[in-house]
Each structure stands twice: as structure tokens, then as C-alpha cells.
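Protein chains in written order, with this note's numbering: chain A, 2 to 211; chain X, 85 to 326; chain D, 2 to 469.
It should be emphasised that the hints constitute simulated quantities derived from the structure, not laboratory data.
Heads up, a few of these hints could be off.
Claimed, not checked - Result set (DSS-like, lysine-lysine): computed pairs, CA atoms no more than 30 Å apart in a straight line: (1) K32(D) - K281(X); (2) K464(D) - K145(X); (3) K108(X) - K230(X); (4) K403(D) - K190(X); (5) K264(X) - K391(D); (6) K230(X) - K28(D).
Stated by the list, open to error - Computed from the model, here is a short list of chain D residues facing chain A with C-beta under 10 Å: (7) R71; (8) T219; (9) I414; (10) L435.
Small disclaimer: the values here were computed from a predicted structure and weren't measured.
Beta carbons: idealized from backbone N, C-alpha and C, even for Gly.
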Amino acid sequence: MNARDAIFARIRQTLQTTDASAMETHLARHARGPLPTLSADLVTRFRECATRLESTVAGPLTAAEVPAAIARYLDEQKLPRRVVSWPGMASFDWKSAGVEIETRPARGDDLIGVTGVFCGIAETGTLMLLSGAQTPPTVSLLPETHIALLPVARIVAHMEDGFDLLRKEHGSVPRAINFVSGPSRTADIEQTVTLGAHGPYRVLIILTTG
Amino acid sequence: MRVGLFVTCLVDLMRPRIGFAALKLLRAAGADVVVPRAQTCCGQPGYNAGDNAGARNLALKLAREFADCDYVVTPSGSCAGMIRVHYPALFREDAHAGDIGRLAEKTCELTDFLARVARLERVPGDFTGTLAYHDSCSGLRELGVKTQPRALLARMPGVRLIEMAESETCCGFGGTFSVKFGDIATRMADNKCQNIKASGADAVAAGDLGCLLHIEGRLRRLGDTQTRVLHVAEVLAGATEN
Amino acid sequence: MQVASGRFKQRAHDGLENPVLRNALLKSQGKFVVTRQQAFDELGNLGELRAAAAAVRDHTLERLDTYLTRFETEVRKAGGEVLWAQTAEDVQRLLHDICARHGVRLAVKSKSMVTEECEVNQALETAGIEVVETDLGEYILQLANEPPSHIVAPVVHKTKEEVAALFERHHGRPRLHDIPALCREAREVLRPKFLAADLGISGANFIIAETGTALIVTNEGNGRLATTLPRVHVAITGIEKVVPTLEDAALLLRLLTRSATGQPITNYVSLLTGPKRASDPDGPEHFYVILVDNGRSKLLGGELQPILRCIRCGACMNHCPVYQNVGGHAYGWVYPGPMGAVLTPSFVGLENARDLPDASTLCGACAAVCPVNIPLPDMLRQLRVQRMEKRLRPWTERAALKLWSWLAARPHIYGIATALAARLLHCFGGKTGLLHRLPFASGWTDGRDLPAPQGHTFRELYKQERQT
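Required output: the full structure, derived from the provided sequences and hints.
Structural data, given as C-alpha cells:
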């Protein structure tokens, strides 16, 4: 007997039922567990929670204002005005803001990555990103600075709402769903929180409208 | 109201004063108290060592002895927890489940009974001084004994209750644990003793004699002959003298 | 990992005598306990959440075969492969096969307790493959050649000075003095490893049947890097980690991160389903999930089944006064603290961990914080029952218990025996009323005095009172 059969044989010995209908019912319902109640204003909630997780939240800005705002942020942080971004971002007017841009997956030595998001989760101030041809995950991961553009209309209350949106708009799950909640951190040494472990040191979220 | 007092084996052997204090308090609360003669041990030592058969024997014995009582009250959170919580687990789907269930339901830890059931208003004790309260584990986590002793102590004008740090952390007694892993138990007692000392209280009180022997044993070994270590029944009944 | 759980007593003693460990534990415990409490105070409805979480776990465990089958089907649909391992050796063999098939020379690992359980690093290294731990804590332990002492904070027993010394020795760079600098150095050393690795090995906090997804929580981002950059990703986890839906995973996450570190959510929660798609510019080309039994299925249907609900948050150890004084290494295997004291005997055999069920005062602090309502003290008691049935305690202890039960069932003799004992011990106590030495209970008197009995038993005094 191979390992798989042996494991299943042992499991089935102990189980009361092999009827799959309870599973099918459960899977079909997508029932949510108890949810915390949020105040009606999801944008405020998102902003507060993201800020608490050490993300910087800016905006809301119009799409046209974004390149200049990014340029200002990079100057403030004394970072070069050279970014790598998702393909969809090429259409912004980066030139007049004085920002150099390359649209491609990120490499190990890129300093700044600019991405969009699938949606924002107000409950925890979290970004939900999906992998895909136009949305390579490395851009939000390898650079030391991650800048994310989040349309305020795409802020939902809970992670569960993000999943619903995913089912509605994509039907199936992509290779990777990444929930990002602030800069990477570690507390492994003496339980002292330190920002910037293996991922970004800083996350700037720019809320956008229109 | 017919109340059976379950003295507990530890109080019987080590500090009968606590049993008499409980008796006095129950009477003060207007109970008609009986003390079944043949009572011995609730079976917890065997139960916690994995000897369920031995524990079941003693559970049935106890159930018989207290069958005609409206309540069973005991000055110990861990013995009350044994009867209320663990007896039913020992007799699940069993011919005795009914009897054991009734026993469990009518069993109370002493301060829980006095504060919640009997609503004792006039506490007879006359203790004067500052007191830190150690929340013994079984009483606290199995029975929810937390506010009851404090409410009763608050009715004593001479008592000033001080909340010490980590009052809900185990003192390290744990029955045979205290002997089997003496060094770990001692370290846990050290933490408790430090918190007692830091509270500056004249005395520490608790609802379980096991914890008290453990805490007092460590305090004395560390050279502290001052801090008094009292059962809450002793304090409430005014039976703190030798 | 070598099982040293049979020597809990000695190892616990070593832990107690280690002042560095003591300091480290004191510091960390405060943080864990306080932040967890704050996180749940803010969230509210903890009781409701725990009940719902426990119900989902039970529902799944009771239908483990159908859920695992569904998971396997969905992984396959997404282009991945599920492999099954009955034992640690199976896991090692499967990994060897994968490495050979894909020409793997360098593997990066994200933190995983199951891989500790299965001695994955040693097995790969024997096969000539370089394995690099990338979670900062695990990386430090790999340099120090030590096992983790906590399932969430593996290096909780080390100070920053110890870490600095290790880094200086292994990195050949000047000695650093502050924690952020140490973290940056680790990042700089490990980044090239991520970029060069052929294989990424991760655990999975949950696997989701509905979608065939492995869910991984990390704070450092190493989990994301290890599962995005290398050509091959292998997620290794226990068969009990399956949950039905994305929603169920979200429910458990709310409890997991708050229970573990007091965070409302970890920095990264990654849901990984299959290898990179045809149009994806990045991601691994091959995706495997190794599902490990290694003793888990034995627990199904038995008294210990509730321990399979465990989501490895570590709250039980953070709140266990025994763990907090002896440290994780005392438990002698992968899983320490209360959950470890239940799991270890179940996985490695009660006879190899016979003291662990006793490594608790049954104070109940663990059960009070467990996010999936595992009655840990009851589980420990259950193991004690098994141990009694297997006669795994010394005959002296069994005899003493028998004698006590026998006596307690005979009130008359009991009364005489206790009266005698009370008298005797009272006399030994002398004027101080304290016993400093007891020949048969030196375990007590080595560290504490025993307040002597009053001299007469309650039953004697009560009888007198009734007669007068």
C-alpha cells in the first residue's frame, strides 16, 4: 500500500461518516465567521489601521496628481526618482514629474516598486494583491520601498469581502494572493520589533479617486 | 437549607482550623450544616495521576455521603472543581451519570457559596491589616471564583485588599507536581513570593490549602517569618490564631 | 530532530539554572501576554470566535478524508501536485526525488515546524544540497546549530549579544551592537540566497480545500520570497491543517495572529495556488504540497483528537508558567509547552516522553487562552491515564496511589492513619511549626519548608466538639 492509501485507510477507520454531502454544503455556503463591527466610514478605518501598521497613507489624489506626489515622497525620503512598476502604470505622466519608470517584474537591486492593488481591507488596513501578467508580485516585494495606489472605491470592509470580489471579478484564484499590511518586520531578536526584514522597509499607500 | 461540608483531606490532616472556620461561616449564613463522618478524599490525587478507576470509587462514595444535602460546600477550589467539573467527565454515559450530575450541580466552593448562594452580609471575622489575594487555579478557571472572596473581604472593615501582580498565575503547587518537579515548583513559588513581597501586604490569602502550604513553605525557607499565609475562610471567620 | 523528551526533568533543571534564558523569557512573556490581551480586548467577541473556530476545525477533522481529497483535486487542477508522507523518512525521500528531478543545489526555507519534525535540513544536506533558513530566528538557530525553543519565536532564548557574536563569527563582518543593524546584515546576507535558490521550502499554516491553496503567514517577507523566486516551491504541512473555504481561513487567521503575537494580521498573508500560470511573469514553475501524517491520523477518533485542532499560535506556551520558567528546550523535541506536552508523546511514543504529561500543574492557563478551545489539561490527564494503563510509572508511585485509594475508601482506618500522621508530623515540626526535611518527600523540602499539621485531624476535633 502506498503512503496515500495507508493514510486514507487509517483516517477512514476512525471516521463516523464518508458522506461528502456535508462538505459540499459547507463549501457552497462560504459562511463567514463572526466579524468585528466596523464604523460606516471604511476609508477612515483603512487609513487608521494602515497607519498603525506603519504604512504611510496619502491622498485621496486624482490619478493626474499621483506622479508628482510620488516624486515629492521620494525626495523627502532622499530616494532616487527611479522606480519599477506594474505595466498598467506606464500611462501616467511620469515624465513631467521627473520620475524614471520601468514596467517589469522587480529584480533584487530595485529600490522602489510602484503597484496597484486588487482592493484594500478596512478591518486591518491591508492591501490585497493578486499575481498575474499585469501584476507581478515581485514589484511589491523585492524593493526597499513599496508604493501602492489604492482607489478609495476599492476599499472593502473585511478579507471575506475581498474574497467575494475575487470570485465575482475573476471566478477563480490566481497563483498568489498576497495580503500586505505594512512594511516587513521581525521581532525575532529579543521580541523587539524592527521594520524592514526581507521585504520593503517602507510602504506608501496613495489613495486615489476617479 | 441543608448544607454538607466537605472538609477535604488536606484540611482534615494539616489545618482543621479551616474546616471549623468554614463551619462557622456556613452557620453564620443561616445554613443547617452537616459534616458526614465517613468523608475522606474527593479522589483528585488519583484522577490527576491517571487512576480513573480509583477516582470513580471515591466519587461514588462521596456522592452517597452527601446524597441528602441541598448543597455540598468545600473550602477548596480544586476539590470543588474536581466534583463539579471532573466527576461528570468520569461518569459520562454511565449508569451513575444522573447521581453524579446532581452532586456536581449542588457543589460549591466556599466563598462562591457564601457570596453568591447564601449572600452572607455580616462577615464575622475581625482581621485587621493589608491582604493580597492569590487566585488559586482551579477555583478561578474551572469555577469562576474571582470576585466572590473579594466581595466578602470587602465587607470586613479592617481588611485592606491589595491586588498583587500576577495574582492569577499558578503558585507551582499542582499536587504531586510540587514533589515530582520540586525545582520548577520552587521557582514558580519564588515568583509568587516576589509578587507578595512587592505588594507590601501583611498577609496573603487564598482559597486552597495546597497553595498556602506551598507559598508559606517557600516564604519561610527564604527567611520570611512575617508575612502571614491564611486561608480565606480563616480570615472571614476570624479564626486566624493558632 | 532527535527526541530528548525522556530527559525533561534534567533539561528543565538546566533551563532553571540558566540566567540568560530566564531573562529572555521574562522579557518576552510580558510582551506576548500583554499584546495578545490588548488585541482581543480591541476585537471583542473572542468567545464567539473561538467557538466558531473550534467548530470549523472539528467539522473538517470529522471529514478529513473528503476534505483532503478535495484539496488534492484542486491542487492538481491548478497544475500542482500533492504528495503524501506517512513518516519523516517519507518526507525526506520525496524531497530527495524532487531535488533530483529539478536539479536543485540550493534551497531556501521559510519557517516550518513540520520540517523540524521531519529533519528536512539534515536530510537535504546529506544529499549535498545547501539549505538556508531565512526566517531571522531560524537562520540564527541554523548558525548556532540549535533547535528552536518556541514555535512562533524560535530564538526567544537568545540575547542580541549572542546573536551579534554569531553573526560576527559566521559573516566575517565587524561586530554589530543594535538590533536593526543585525537585521539589515541578515537581509544583506540572505538576499543573494533567495535570488540564487532553485527550491523554496515553506510550511503552510492552513491548506484550503475549496481552492487547493497553501496559506502562509509571515512578518519578514521571507515566506513570500521563498515561494516566489525559486523555480520550485514545496509546501510541507500536516494533514490536519486543511480548512474548507477561504472564509474559514479568514476566521482562523483572526485568531491565529492575535493569539501568536497580538497582531491583528501578520504583515504578509500569502495564499498560493499552483505554479505560475502561462502568462505570469514571475512565480515558481513547479508547485508541490507534501502532506505529512507522522502520527496525526492515529489521534483521530480518540480522546486526544481535539489536539488536532491546534493552529500553532504558541499562546499556550506564552501563558504556561512551567514553560516560562524552564524554556522550550526542556521539552526535548520540536513542540514545547502544553501543546508540545500533548503532541510529543503522541508522535514519538509515550514511552519516549513519559514525563511530559506531568510537565504541568494543570493550572488551566493554557486552555483559557487557546483560540480553538483545546482542553489541554484534560488532554494531559488523558495521557496520564494511558501511561497508567501501560504501567509506565514506577511501581512505588503506583503503589502509593493504590494505598491512598484503598485508605480513602475505608474511613475508619483512614481516620486512624491520618490522626497518627498529624500527630507525628506535628511533633517533628517542633516550636517553629515547620518541617525542614522529609525523608520521603525531599522533592518538596529541598526547596521549601512544610508547615506542620496542627496536631489533630478535623475528624478528631469535630468528634470531640460534638461530644461536649
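Hints versus structure:
Straight-line distance between C-alpha atoms of K32(D) and K281(X) comes to about 23 Å, which keeps the hinted pair within the 30 Å bound. With a CA separation close to 21 Å, the supplied pair K464(D) and K145(X) stays within the 30 Å bound. A hinted pair counts as satisfied when its Cα atoms are at most 30 Å apart, and K108(X) with K230(X) qualifies at roughly 22 Å. This hinted pair checks out: K403(D) and K190(X) have alpha carbons roughly 29 Å apart, not beyond 30 Å.
For the hint linking K264(X) to K391(D), the alpha-carbon distance of about 20 Å falls within 30 Å, and the restraint holds. Simply put, K230(X) and K28(D) have alpha-carbon atoms about 27 Å apart, close enough for the 30 Å limit, and the pair holds. The closest approach between the C-beta of R71(D) and any C-beta of chain A is roughly 7 Å, which is under the 10 Å cut-off, so the hint is satisfied. Because the beta carbon of T219(D) sits about 8 Å from the nearest beta carbon in chain A, less than 10 Å, this interface hint is met.
At its closest, the beta carbon of I414(D) sits 45 Å from a beta carbon of chain A; the interface hint therefore is violated under the 10 Å criterion. With its C-beta approaching chain A no nearer than about 41 Å, L435(D) sits outside the 10 Å limit, and its interface hint is violated.
Of the numbered hints given earlier, the model fails hints 9 and 10; all others are met.
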